[in-house]
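Visitor: The primary structure of each chain is shown beneath.
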Amino acid sequence: MTGEYFFYIVYIMIGRDYLGEFEHIIVLALLRLGDRAYGVTVRQEIEFRTKREVSIGAVYATLDRLEKKGYVKSRHGDPTPERGGRSKRFFRVTAKGVTTANRTQRALQSMTEGLDLIRSYS
Amino acid sequence: MRSQPHFARPPRLAAWLVNLFAPADQAESILGDLHEEFSQIGSKSGAAAARDWYWRQSLRTMANLASGGFRGAPWTTSGAVIGGFLLLRFAHWLPGKLLNAVTDRNLMYWSNHFHAYLWVLKAQFPEYLLTTLLTGCIVALIAKKREMIATMALGIILCAMILFGYLSALAKTGDTYYLGSMPWAFSDPLAIIVGGMLVRRLRFHVTTLPLD
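Same order as they appear, the protein sequences are chains A and B. Using our numbering, read the first sequence as starting at 1 and increasing by one per residue. Using our numbering, read the second sequence as starting at 1 and increasing by one per residue.
Just chain B, same shape as in the assembly (with noise of 0.2 Å):
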């Protein structure tokens, strides 16, 4: 059999992309029409003008249906990102509470061991980045079928406040130093988006294994 020509492969980004956003029921129709049309531009008009039709449908897609997916159940969406942005200022208060009760109560050993103390801080970013992850995947799960909507429009919200919080610091003081930690403020709102793309992915393999 003899394989595919290269141009003949639709772009496989914007298929993963469509693949996360579509119902675990219908991503494979939708993903096979694409294909089907990607096909008949590519022999129709060429490779580049398929490659084209196929990331314009691509991202038309996903907005339709992220919008589509949020109008079927906006309470429990709407739910589900509270809920969430809730639990993820609980989740980053609650460690760095119970660290300060640690090294507050064993202030001499601590001063004493500076360089394990430093290390506890440096512990607190992964512990921080998988907190958030887990967060990702708690909104992803309670928003059932929509998984990446939910992550989403909360990574999106966290993105609006991150940016908000740095121009108002930079506004008031002037001061560009803020700028430079601005890129590491940034993987709260990835690490969450990345918990809903798991949870959607393992989502999608439990509903379409083989039943036998």
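Isolated chain A, as found in the complex (with noise of 0.2 Å):
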């Protein structure tokens, strides 16, 4: 294998990330929410639309996760009485969360193309 061909696998690799299902969950939702995106907000998204209990722990070590990535970058706002007087942390998708989210939103949809789950699987 030459040096050339060993760099551009490497470079396809590193350009063909995915998000596992929690973190696509969670960008999903940091998109839907925009400035008003925050933990309990986030928690309280993915907990109406996706009908399960998700707890503030599992949000924020998928965060974290996604941050490290560079998919996610968060900002801290102001104390407020209501929370303890502790800070909210706001987050927000970066555009490389976003193409992320969007291939793997596109691998997703090639998979189960043309398959009818309902009718064939249950």
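Honestly, the hints are just simulated from the structure, not real lab data. Here a beta-carbon is modelled for each residue, glycine too, at the ideal position from N, C-alpha and C. The reader is advised that the hints may include incorrect statements.
One-sided and incomplete, this derived list gives chain A residues near chain B with beta-carbon spacing under 7 Å [what the hints assert, rightly or not]:
#1 Ser55
#2 Gly57
#3 Ala58
#4 Tyr60
#5 Ala61
#6 Arg83
#7 Gly84
#8 Arg86
Assemble the dimeric complex from its two separately framed chains, guided by the hints.
Guide: Take a look at the structure:
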């Protein structure tokens, strides 16, 4: 294998990053919420739409991972009394995060294309 | 300014536990989010429902933060746990060896001062606990932001070993005498976890100090 070919494969592998299931859900929740995206709203949005109970710890552990990968950025708001004097941490999706979410979504769509999941496999 | 009604305050123990497991830079926002939702549920469904929700969320949050923390740095955390285990073995072996060396060399003196010898033996227990506590602190320092995950893991391993040791001794001898001293044996893993808590609290205070 030539060095050039090796680096091409590495480039392709780096470029082909996908989101995990919960990461994908979190990114979609952030995109839906826009400027209002912080721990409480993200958790409630996921619970409302997916009908599954989610812990705030799971949300933060995933957001932390997404931030390290560069898909999400965060900033601190001001402390408020209804939060016991603690500040909110707002999140937003970066351009890289949007690209990866799109790629993941297309992969899922392509895998489910032509399948009648409700009738054939239930 | 009116103080909050009693039910509007989240369970302190649950909040304290979440604070121990959360990374220092996330603790404030996580506890703030829990507090906000606790107040919402409290005003909608009552204090008992809010408290139940808070405890349920806290326990799941701790589990998520622990597993997320381990997955974030599996080698550092495992290294800290294994290193801590080996260090503990060495730290408990060395003082006993030194004491034996001293008492064996001056057998005549110790047999004439038997009370002093008993006191030396009694002093071994606090020394033992302090050594374990210090080992817990070292494990927590090595584990960096995952103090509680590493020390809890080591504590659980030690608990399992103690339980296995006692149960196998009981099965072999059938003598329930051993069970009386079992609670003392658990002071070891407890001291490890306390060491982790101390470092966690210290680190939290240092990282959240105002920069002025």
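Visitor: All the hints need checking, so say for each whether the structure fits it.
Guide: Taking the hints in turn, this is what the structure says about them:
1. Because the beta carbon of Ser55 of chain A sits about 4 Å from the nearest beta carbon in chain B, less than 7 Å, this interface hint is met.
2. Residue-level restraint check for Gly57 of chain A holds (minimum Cβ-Cβ distance to chain B is 3 Å; threshold 7 Å).
3. The restraint placing Ala58 of chain A at the interface with chain B holds, with a minimum CB-CB distance near 4 Å, inside the 7 Å limit.
4. About 6 Å separates the beta-carbon of Tyr60 of chain A from the nearest beta-carbon of chain B, less than 7 Å, and the hint is met.
5. Hint on Ala61 of chain A holds. Least Cβ distance to chain B is approximately 3 Å, under the 7 Å limit.
6. Interface hint status for Arg83 of chain A: upheld, as the beta-carbon distance to the closest one in chain B is roughly 4 Å, under 7 Å.
7. Interface restraint check: Gly84 of chain A against chain B, minimum CB-CB distance 4 Å, threshold 7 Å, status holds.
8. Among the interface hints, the one on Arg86 of chain A holds; its C-beta lies about 3 Å from the nearest C-beta in chain B, closer than the 7 Å criterion.
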